[in-house]
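Number of protein chains: 2
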Amino acid sequence: MDSIYLLSPMIAGAVGLVIAAFLYFRVKAQPSGNETMNRIAGYIREGSMAFLVREYKVLAAYCLVVGALMFYALGSEAALWFILGAVLSLLAGFIGMKAATFANVRTTQAAAESTKGNALLVALDGGAVMGLAVAGLGLLGLGAVYYCYRGTEHVGTILHSFAVGASSIALFARIGGGIYTKAADVGADIAGKVIENIPEDDPRNPGVIADNVGDNVGDVAGMGADIYESMVAAIVSAMAIALTIAPMSLPQIMTDSSDVAAVRMMGVGLPLILSTLGLIISIVVIFMARALKNKKPATVLRSSLMLPPVILTIVSYICMPMIGVTQNVTWALAAGAFGGALIGLVTEYYTAMKPIRLVAEAAQTGAGTGVIRGLAVGMESVALPMIIVVIAAYIADAQLGLYGIALAAVGMLAGTAVVMTVDAYGPIADNAGGISEMSGLDPKVREITDELDAVGNTTAAIGKGFAIGSAILTVVALFSAFNMEVNHVRQMNGMGPMQLDLTSSGVLIGILLGSILPFLVGATTMTSVGKAAGKIVVEIARQFKEIPGLLQGKAEPQPAKIVDIATSAALWEMILPGMVAIVAPVAIGFLMGPQALAGMLAGGLAVGATMSLFMANAGGAWDNAKKFIEKGGLPGHKKGSDAHKAAVVGDTVGDPFKDTSGPGIAILIKVMSVVSLLIAQLIALR
Amino acid sequence: MDSIYLLSPMIAGAVGLVIAAFLYFRVKAQPSGNETMNRIAGYIREGSMAFLVREYKVLAAYCLVVGALMFYALGSEAALWFILGAVLSLLAGFIGMKAATFANVRTTQAAAESTKGNALLVALDGGAVMGLAVAGLGLLGLGAVYYCYRGTEHVGTILHSFAVGASSIALFARIGGGIYTKAADVGADIAGKVIENIPEDDPRNPGVIADNVGDNVGDVAGMGADIYESMVAAIVSAMAIALTIAPMSLPQIMTDSSDVAAVRMMGVGLPLILSTLGLIISIVVIFMARALKNKKPATVLRSSLMLPPVILTIVSYICMPMIGVTQNVTWALAAGAFGGALIGLVTEYYTAMKPIRLVAEAAQTGAGTGVIRGLAVGMESVALPMIIVVIAAYIADAQLGLYGIALAAVGMLAGTAVVMTVDAYGPIADNAGGISEMSGLDPKVREITDELDAVGNTTAAIGKGFAIGSAILTVVALFSAFNMEVNHVRQMNGMGPMQLDLTSSGVLIGILLGSILPFLVGATTMTSVGKAAGKIVVEIARQFKEIPGLLQGKAEPQPAKIVDIATSAALWEMILPGMVAIVAPVAIGFLMGPQALAGMLAGGLAVGATMSLFMANAGGAWDNAKKFIEKGGLPGHKKGSDAHKAAVVGDTVGDPFKDTSGPGIAILIKVMSVVSLLIAQLIALR
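The listed protein sequences correspond, in order, to chains A and B. The first sequence runs 21 to 706 under the numbering used here. The second sequence runs 21 to 706 under the numbering used here.
Just chain A, with the same shape it has in the complex (with noise of 0.2 Å):
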């Protein structure tokens, strides 16, 4: 392949990466605010730093001990990739985090000095800092293991390092950020509400910084980390399929298929190639949604959402023959990135449509069967995005087998950084409601965030439909690519195929054990919530009983408490589920062999896909069902009354059930895969 092609990833991240920086300094130039604003927005970057810093020296402990493991079993390159896997996950997480609280006061100001368009825009750049970063680093990285490793012999341990470097960070930023992030809601909500009954983001509560802190460290952090290591595991998993198929079964991606080095040659690079289009069409969408700021901020945001498949589509199908590539490779693509627009919309319609009003009805007959009702939600909303992964899937495999279910993968992750820009919009936008209400700012600021924040609220349903979407198109692609490692290791030292009937009583047991691991990380994420929480709501009770004054606004609370609290929550209660993630596969996959390693990442999956897409949607659900009551949606419900205290007891249980366990779920299953496939070659002969 010429030079162009083996640099071009590596090009484009970087031209990501400028860009990123330039809208950094952009949103660091706008002014921010009056002392009050800013004494609050520092408070919150300072815990959130604070949070980071901490949480980076338990991950540094990890990343050494894990590096040197694999630095014994696999050798110091892979060992150096992993790390290198890692701290580009964590300098994105710092970037974005940096970026997202400048943007939050800054936004704040521009809502009460400037436009409404100018506070979107803000915001949105805020986001697009986080975007670019996730999606430039993870081009930087994986092109430049391409570059260096290219026709190796060890280019897939070095890739397989690579992002199990981005699934361990992922892994306990998603559960440490969702921990904390819940514990702070929760707590500082039951706290205000229930305790003291003064109303949200009141300065008076001294849990209500702790929780916009968490907005960042969850929303930010930790869904950049996550999203950032599905882009590197899908694109791997599809480099990794490329390596080791068998040569009868290569895909058809080009056009003169007669060389056969020369297309697998292909097959390992375009996953690469395709990434970089989209990060290119990323960049062009986010230019766009800058350029309509003075639009209707639902309509920037969705369209922003919508339009990466659309271009993204027409684009390979103009460029692929020109590299002499088929259009299957296309219409593969084109599989996963309209599928997962779709499972964003089906979102979108169980978490803001017609079944958030049944939830709200429901909560007229009190807390119970409010909470029955978004179950049920939940529940219902498994069905449609599966069946549209396995359409994704099936479209993809009837082009290119195995290899187009992985560039389905590919072609889903290809707006990542539209979708991270969206999503870091979020957080952004409620944090500067969060300092316009702490800061004593005219109601009218406090109504513009409002808006900017509901419509974050939707394209968040939006953007966590994606991403759990994703995750489960690249687990089926992991979960192909690590049988076929397997049984390239098995072929080369003379073995056949590994048998994996799902009859054989080691897949059986595999399936039946992988089903159990989900529901552990729910059950410990759960509770961590709830005990965190409960510490915070202790403390909260203590300062306004010991602090003269407080309750009446004349004595300052004492945030920091709450803020170390919850981190040292967070940092503990992570390590058993993000433990339980990767020593599991590891423990099957040495004592029981890979079959039953296989069958406990199938197992996984079917619970773990359905499990994440029910907690995620049902938590939708009620946060908006409460917010439609709070809107006037149920006539003679107004805030505060008995059906919408009940929709707060679903808010209050979906909160960990949306932003800690369900995405810790998803997460679960990506690094189990990961790490399978990392491990493969070593329990390959078992």
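In short, the hints are calculated from the structure, not lab data. Check before you lean on any hint, since a few could be wrong.
Since copy identity is lost for identical chains, a pair holds within one copy or between any two.
List time: in silico DSS-like cross-link candidates among lysine-lysine, alpha-carbon distance up to 25 Å [as the list claims (entries may be wrong)]:
(1) LYS374 x LYS551
(2) LYS555 x LYS658
(3) LYS551 x LYS658
(4) LYS374 x LYS555
(5) LYS48 x LYS464
(6) LYS464 x LYS313
(7) LYS658 x LYS213
(8) LYS213 x LYS659
(9) LYS647 x LYS659
(10) LYS555 x LYS213
(11) LYS551 x LYS213
(12) LYS316 x LYS136
Could you slot chain B onto chain A? The hints should help.
Just chain B now, kept in the frame of chain A:
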């Protein structure tokens, strides 16, 4: 085989039925108390029977339609035995319900005028009628099939048809009964506590009769059909495996294994012989329990549940060598029997011990945190039962391969009569308390019935664990039987065995589609309960508004209207989830072939097993956490406190979780497997 072996299942079944008849008339001969008590008991009996009659009409229509289809596809005999399998299930439900609705008021009366021991005895006898009817009719029916068709070519088809009849009734009875019982329970509770603020079981509440009817409809008739079908399905799966297993894989069940035909014949007959032993042992245990009536009720019931595995293992160890059978059979049987008991104990831990205190404590900070903690407990409770099933399956597989797994399921269900006795005891004791309250008897009577009821709740948890555990193991066995049947047909047509490789797209797609179904059944049943409960609340509110003097206790409520609403709702709402269970495997089997169907069964198993454990145990934990607070378990929080109200919300959510959706999902996966087994020969060549 000698004719004594051939006839013994039918003889034992008939003996069981004779004893059931004896106990039935013994119960009926007990004094039934004063006129008020008889009037209330009459309402409950009439409501229960009215439901049964209307349900049976719907099921008759279903049986005619499906019977006609089977007549067309598989011949007249298959259709006949399908209907017989269904009719025996209906008969067991009818007998059990009759007995239970006589026993309830007589238990109250025994508590009023005799000793606690005699009250326990009446309730136990009432339950034993159901227990013996279920096990007796099951053995009688399967014994007859075996007697008439042994050695013929179509014995497999007849067995499958009989099992599908049993499964179909179980499916609808379980789901319809589950919707009824929880709609009435939730509806009466909400209306009573929230709207009118009157205590539980208050005779003024028009929904209380329906609530008591629901206990019979759901926990007697529904549970009975469910356990009857588990027993039938376990036996049929073992027989089917023995019929179709390849000669070279025949399990080592006979000490002299030189005659392949004899081994196969013994393999087919053995499940019936072992179940016959199980029934005899159960009868002995039931009479032991009767003799111990003056001991602590908890001791009596718990030892009844724990004894059968021990006795069965000993008896099998002694008897098997006498008929030339290896001890491998004993070990496989024991693995299942002890596994079932262990799962029961694990269930008891999660629904009656430390975890419920944690849920109660979490309710101190609100309904939201209480619900979160209960969900976490339910999720955590999935792991151990699944691991126990895996270990039991592993041991059984090591002894006798897949046939051993089926025998383990037979072993787990050998104590069916006892388990069902204890399960049916629960609603009788519950009803007895309700009747005592509604009849205005001395509070001391209620104290006795409350103690009997509390014991019933704990043992019900054990029984429920048993039921789900045996369902999971049975599904594993049925799944194996399905695959063998397919391969058997393929081999007879000169084709190689079906390729069930986990990585083939058909299997993978099947797994993903199968994982949706438990969520669909969960969603529809949760929604149905919510909707029906809402209608009941509206009707109760109407009665309090429109019947003058009702609230003051000067006028009579109209319970029949509530019974009618619950009945219509349950019968109507059971159709959709029921159809999912039957249509899904047929559609996928005929459209996509046996590989995809096998994948669907595996995906359904992984998700269904874990979801049903999660829901059943979370529901049990919430229920008992509420009761824990009511009994003063949390110092400073008694009945009516905020913590108690919060726990009531958990209990409301838990009601459909544990008694509608959880069991509904367990039966879904059983029915899908049985239906697949039936159609295996029709789709094997696709």
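Hints and how they fare:
1. In this assembly of identical chains, the alpha carbons of LYS374 and LYS551 lie at most 25 Å apart only when taken from different copies (16 Å versus 34 Å within one copy).
2. In this assembly of identical chains, the alpha carbons of LYS555 and LYS658 lie at most 25 Å apart only when taken from different copies (23 Å versus 31 Å within one copy).
3. Taking the shortest Cα distances, LYS551 and LYS658 sit within 25 Å of each other only across copies (23 Å), while inside one copy they are farther apart (31 Å).
4. For a Cα distance limit of 25 Å, the shortest separation of LYS374 from LYS555 across copies, 20 Å, qualifies, whereas the shortest one inside one copy, 37 Å, does not.
5. Proximity of LYS48 to LYS464 under the C-alpha cut-off of 25 Å is restricted to the intra-copy arrangement: shortest distance 24 Å within a copy versus 75 Å between copies.
6. Taking the closest pair of Cα atoms, LYS464 and LYS313 come within 25 Å of each other only inside a single copy of the chain (19 Å); across copies the shortest separation is 74 Å, beyond that limit.
7. Taking the shortest Cα distances, LYS658 and LYS213 sit within 25 Å of each other both inside one copy (16 Å) and across copies (23 Å).
8. Taking the closest pair of Cα atoms, LYS213 and LYS659 come within 25 Å of each other both inside a single copy (12 Å) and across two copies (23 Å).
9. For a Cα distance limit of 25 Å, the shortest separation of LYS647 from LYS659 inside one copy, 9 Å, qualifies, whereas the shortest one across copies, 32 Å, does not.
10. In this assembly of identical chains, LYS555 and LYS213 lie within 25 Å of each other by CA distance solely inside one copy; the values are 16 Å within and 32 Å between copies.
11. Proximity of LYS551 to LYS213 under the C-alpha cut-off of 25 Å is restricted to the intra-copy arrangement: shortest distance 18 Å within a copy versus 30 Å between copies.
12. Within a single copy, LYS316 and LYS136 get their C-alpha atoms as close as 10 Å, which meets the 25 Å cut-off; across copies the closest is 73 Å, which misses it.
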